[in-house]
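2 protein chains.
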Amino acid sequence: MSAKRGLIRSGTTVDQMVRAIGDRIVTGVLRPGEKLDEVSLAARFEVSRTPVREALGQLSAMGLVERRPNRGAIVAVVTQEHLTSMFESMAELEGICARLCAERMTGSERRALETEHQASARLVRLGAEEDYEYFNTEFHSRLYRGAHSTHIQELTATTRSRLAPFRRAQFRLAGRLAKSWQEHDAIVTAILRGDGAAAGKAARDHVSIVSEASAVFAVGDQPKAATMTPVTSG
Amino acid sequence: MSAKRGLIRSGTTVDQMVRAIGDRIVTGVLRPGEKLDEVSLAARFEVSRTPVREALGQLSAMGLVERRPNRGAIVAVVTQEHLTSMFESMAELEGICARLCAERMTGSERRALETEHQASARLVRLGAEEDYEYFNTEFHSRLYRGAHSTHIQELTATTRSRLAPFRRAQFRLAGRLAKSWQEHDAIVTAILRGDGAAAGKAARDHVSIVSEASAVFAVGDQPKAATMTPVTSG
DNA sequence: CGAGAGGCAATTGCATGCACTTTTTGCCTT
DNA sequence: AAGGCAAAAAGTGCATGCAATTGCCTCTCG
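Chain order of the listed sequences is A and B. Quick note: the first sequence, position 196, residue 196 per my numbering, numbers continuous. Quick note: the second sequence, position 47, residue 47 per my numbering, numbers continuous.
Calculated directly from the structure, the hints in this document are not laboratory data. Not one of these hints is a red herring.
Derived lysine-lysine pairs resembling DSBU-like cross-links, with alpha carbons at most 35 Å apart:
| no. | chain 1 | residue 1 | chain 2 | residue 2 |
| --- | --- | --- | --- | --- |
| 1 | B | Lys201 | A | Lys201 |
| 2 | A | Lys179 | A | Lys201 |
| 3 | A | Lys179 | B | Lys201 |
| 4 | B | Lys179 | B | Lys201 |
| 5 | A | Lys201 | B | Lys179 |
Which stretches of chain A does chain B cover? Using the computed rule of at least three CB atoms under 8 Å from a CB of chain B, they are:
| no. | region |
| --- | --- |
| 6 | 47 to 58 |
| 7 | 84 to 94 |
| 8 | 147 to 153 |
Using N, Cα and C, we set each Cβ at its ideal position, and we do this for glycine too.
Using the sequences plus the hints, can you model the full thing?
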């Protein structure tokens, strides 16, 4: 019976469900406001309702889903105000990370940051949005790690994942790719010369601009869409 | 059956369990590293294991408990490094809140802040630690609310609750009461004159000092038993 | 024709039971 | 006597079943 869920990854069934459902929320497969029916989810993942319920509870604790007692769970729908607040927090958190990076990054971390950053310049010239998005994520992850503060890293990561559904298509905006790189450049430069204040400000500004870019896609009233793709996973 | 759990408050059983267990962790009744046996907890609260399990899952998602697959749950035990990181984050978060307060607090919020702050001065003169602790909590809550940013409020509140078990007895330290008030005073003054930078710095410093004061009680290796406590309280 | 009450279907909430994993204890071997 | 192995005991993980709440539909009365 251990072969049964070779489909999904390791860990307990509940963990798998948390990841599976959480991924689908973060990646936008499940959209804000969409109803999360326990029996459907259980059937879809071929488990009983119990682990599904536990997973929904944990996701609720993480803020990704909203649970109304006796009335089921839905993908968390954030108000425009809360969304703004999350971007604001993100800007502050990234600012802190950047400042701490400037103060604390080791030599090899600094070198790796600059190397990767310079490498990504090529993708901008090519207009390779998909690939740049990967580098972008990696760039920000480096910033979080470079702060050498596990808890700030946690806060930043969770906030970032909660924002993920709303920042998706940002690079499709005209010129956003090049602008993003320039903003990264300002952050890297400040970090490399150890200027914490400047790095912090550059990072805050960077997120603020992303925030504005994403505001275009801000929602609150997504179509309920019965899309609900077939899981696959693996 | 609704009378059955009149002991605890309303909401679903799971919610009650989350609050009940969470409270016991935050208030130090359950100590870091302590084993959380599902059947014992279920018996203790007169519910079945199911809601207990769900509650433990949610508390795990909140970071208050740690779950080892197939090996039970324990109250989250933080390393010295992580503890430092949390205090650091707390300092930064409070700094942000204070800065935003200076920029955004409404007139009535400012007045209320100052009034309450001045009122608490009396408690310092009396050396009323218990009562001052209440005002202290209220003071910080005002700072979080005054930032007018729901998400920063969330981050701050959860971080604060995770730190609670480690900051308990701070006011018992000689002179800490008066020092705390003076630090609050610096924050209030800066906020009232709208100096965001100064307010942020004052708040950061305040938490940093609390951090040092709490470091006395910091542990990473609590004995499993009920020894080791300057913490008393409860 | 509209509004309210009652009942029915659907869904959530919790308890119980069984399977599997880990840990402990006791016996056997060296 | 000490170490290791095995079997049992304890405890977690998940499935299933029943009770209770919600939402909807219908039927009735104004």
